[in-house]
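Numbering (my numbering), first residue to last: 991 to 1145.
Read the hints as simulated data drawn from the structure, not as lab findings.
Treat the hints with caution; some may be incorrect.
Ranges of calculated distance between the beta carbons of each label pair, as one might list FRET restraints [to be verified]:
#: 1; residue 1: W997; residue 2: E1028; range: 28 to 34 Å
#: 2; residue 1: S1097; residue 2: R991; range: 24 to 30 Å
#: 3; residue 1: Q1084; residue 2: G1031; range: 51 to 57 Å
#: 4; residue 1: R1118; residue 2: D1079; range: 42 to 48 Å
#: 5; residue 1: S1051; residue 2: Q1106; range: 46 to 52 Å
Positions of the beta carbon are idealized from the N, C-alpha and C atoms, including for glycine.
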Amino acid sequence: RGSYQQWLEDNIAPQVVFEIISPGNRMTAMFKLFKFYENYGVEEYYVYDPEDNELIGWLRSDEQLNYIESMEGWVSPRLQIRFETASGDLEIYQPDGLKFLSYVELSRQKELAQRQMELTQQQMEQERQEKELVKQKADRLSEKLREMGINPEEI
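Work out the full structure, taking the sequences as your base and the hints as a guide.
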């Protein structure tokens, strides 16, 4: 489904929310969403503006969401993931320290793996053809030996 439907989740609010700023998002709507999530018990609320590479966040304390002063190197208490923006892009690191790959990075990896697989298949086909040529040559040689009255199996 396209969105979280709290009434289908035993009325449990999402624990962590990420909003991405886009040209279609209006500040009024974003503020309403923030208030909605604050009222319904969200533990962590993050807003990312990819145009400015700015990440801001709030963390629940008691009954309200409180602004997080510095997001650089911030670790989500619920998800245990770390946020970095110093490189000029939002980078998110798994609890074990490995970076979550972006869509572009995943696509490149997939393309590279595909090319590697194709290269391996080409090499295997070339080896198969070379073996076939060697076998054909050996068969011709065996036939020549038989024509000369020599049994190739006895050599």
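Hint check for G1031 and Q1084 - Cβ pair distance inside 51 to 57 Å: violated (26 Å)
Okay, R1118 versus D1079 on CB: inside 42 to 48 Å? holds (45 Å)
The hint says 46 to 52 Å between S1051 and Q1106; measuring C-beta to C-beta, is that right? holds (50 Å)
Pairwise beta carbon distance, W997 to E1028, judged against the given window 28 to 34 Å: violated (19 Å)
Go ahead and decide if the range 24 to 30 Å is satisfied by the Cβ distance of S1097 to R991. holds (25 Å)
Taken one by one, the earlier hints fail for this structure at numbers 1, 3, listed in ascending order.
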